[in-house]
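In case you want the letters, here they are:
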Amino acid sequence: MSETLHEIRLRVNGIEHELRVPARRLLSDALRGELGMTGTHVGCEHGVCGACTILVDGEPGRSCLMLAVAAQDHEITTVEGLAEPDGTLSPVQQAFAECHGLQCGFCTPGFLTTVTAGLRRDPCPTHERARDMIAGNLCRCTGYQNIVRAVERAATIGTERAATLTTERAATVGTERNATIDTERAATISTERAAALADRGSGVSS
Amino acid sequence: MKPAPFDYVRPDRLADAVAALATPESKVLAGGQSLIPLLSMRLAAPSVLVDINGLPGLDAITVTGDGVRVGALARHTAMLESAEVARVQPLVPMALAHVAHATIRNRGTTVGSLVHADAAAEMPVVLALLGGSLDVEGSSGRRTIGAAELFTGPMESAVGPDEVAVSAFFPALRPGAGVAFDEIARRHGDYALVGAAALVEGERVRVGYLSVSDVPTVVDLTGVAPDDRADAALERLDPAGDIHATAAYRRTLVRVLTDRVVTAAIDDARGAGR
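Top to bottom, those sequences are chains A and B.
Here full-length UniProt numbering is used: position 49 in the first sequence is 49, and no number is missing along the way.
Here full-length UniProt numbering is used: position 224 in the second sequence is 224, and no number is missing along the way.
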């Protein structure tokens, strides 16, 4: 007896994929096996270790605790979708690299997705809240100290990047405003000149 | 660690879900945070999974002066973050904060946790202590199951094989009453070795325990002197030992937690001035 296959559409990192899977295919296995996106790691396969954590509609979820057939209505984000389109590391990725928040790297994709969503909810976590943010993810190498540092560093990088964007935006707005002011000023000047010329003209004629 | 094969249906009408559940060995899929591990470990091998996530209107959380009604698709996170729920029945968020980790709470449903009826879980004890209820829909219509009749054995509930739970009701905290919840686990987010919830209403004192018996157990400690509460509770509880804790250690935890939650609930009743 051959197993029934379901035609499904999965939206992963903004791209829609069509695939045929049996109902029992776990989302983690569909991502890795069918879609070849092996960034999502599979550890315990029963929801404890957190290595397979992805974002489901922006919030962390275990991909080993979802069926691929049941994930169709959701926007899935994997670790492959965290960096900027030009390859610039996200604040969380950059912080993990800077703080040595990983050693073997097996658990890292789950931490990166979890912390990405966590900092969206809580952009400036206290030390205690930073620890709580990663409480559902296991790491057997680091002893967690550098991961907690990475969470706090990611918060700082995120704030800095947001500030830079604001400054750039302000600069842009400033330039635009200056341009507007220049145009207005030019218009005023030309009006004044015209008036002066008219006055002079009238003076000459009088 | 891969599930055995099963058929899969995702009805968009409740009646179709009930009809699909007529198949022998069928099983409802809601949040899946307990069911899918059981499938992967092949401790469960249903013939067909009836995914109720496509059913409309089941994710509602309705709060009235009488209490909180939570639909079968409302996630733990939605319950935990609702200020209205916390206002009407503060024991619900107190206990939910101990349910697994945030990532699991994002998918797991409160009603699913009740139907799963794990004696080590928090929400069944809360429902039992508060005297709440579960509404289920089956081929013979809708019925309400009181918490006292709901939990029939270890991971067994009174929900029939062809019934789907549609909502649960947690009664409101009465004015002047107080509640508290605490548990002891090896690591935060793990299943508790022992957990306890207390409800104090005037002279009436009751405590619900998790991970102590095969089912969530509520003990009435009304009229018991403060120093005798732990002994009185242990007279009616018989904690078993397992790989996580010996029976003697569980008895110690029952003592510690009984005092802790009753004291906190009395303080809550006084302090809140409800």
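Misleading hints may appear alongside valid ones.
Simulated restraints, written as ranges between beta carbons of each label pair [stated by the list, open to error]:
hint : chain 1 : residue 1 : chain 2 : residue 2 : range
1    : B       : A45       : A       : T126      : 44 to 52 Å
2    : A       : T167      : B       : P5        : 52 to 60 Å
3    : A       : V173      : B       : G65       : 48 to 56 Å
4    : A       : E84       : B       : R260      : 45 to 53 Å
5    : B       : D267      : A       : A83       : 45 to 53 Å
6    : A       : T164      : B       : A19       : 55 to 63 Å
7    : A       : G36       : B       : P24       : 37 to 45 Å
8    : A       : E3        : B       : P175      : 54 to 62 Å
9    : B       : P171      : A       : R11       : 52 to 60 Å
10   : A       : L165      : B       : P171      : 46 to 54 Å
11   : B       : T23       : A       : T88       : 47 to 55 Å
Source of the hints: derived by calculation from the structure; they are not laboratory data.
All residues carry an ideal CB built from backbone N, CA and C; glycine is no exception.
Each hint tested on the structure:
1. For B:A45 paired with A:T126, a C-beta distance near 45 Å keeps the hint of 44 to 52 Å intact.
2. Evaluation of the 52 to 60 Å hint for A:T167 and B:P5 yields a pass: the beta carbon distance comes to about 57 Å.
3. Taking the beta carbon of each, A:V173 and B:G65 are about 50 Å apart, inside 48 to 56 Å as hinted.
4. Restraint check, A:E84 to B:R260: a C-beta distance of roughly 49 Å satisfies the suggested window 45 to 53 Å.
5. For B:D267 and A:A83, the hinted distance range of 45 to 53 Å is satisfied, since their beta carbons lie about 50 Å from each other.
6. With their beta carbons about 58 Å apart, A:T164 and B:A19 fall inside the hinted range of 55 to 63 Å.
7. Roughly 38 Å separates the CB atoms of A:G36 and B:P24, a value that falls within the hinted 37 to 45 Å.
8. The hint said 54 to 62 Å for the Cβ distance between A:E3 and B:P175, and at roughly 58 Å that hint holds.
9. Remark: the range hint 52 to 60 Å for B:P171 to A:R11 is contradicted by a beta-carbon distance near 41 Å.
10. The beta-carbon spacing between A:L165 and B:P171, approximately 49 Å, falls within the hinted interval of 46 to 54 Å.
11. At about 51 Å, the CB distance of B:T23 to A:T88 agrees with the hint of 47 to 55 Å.
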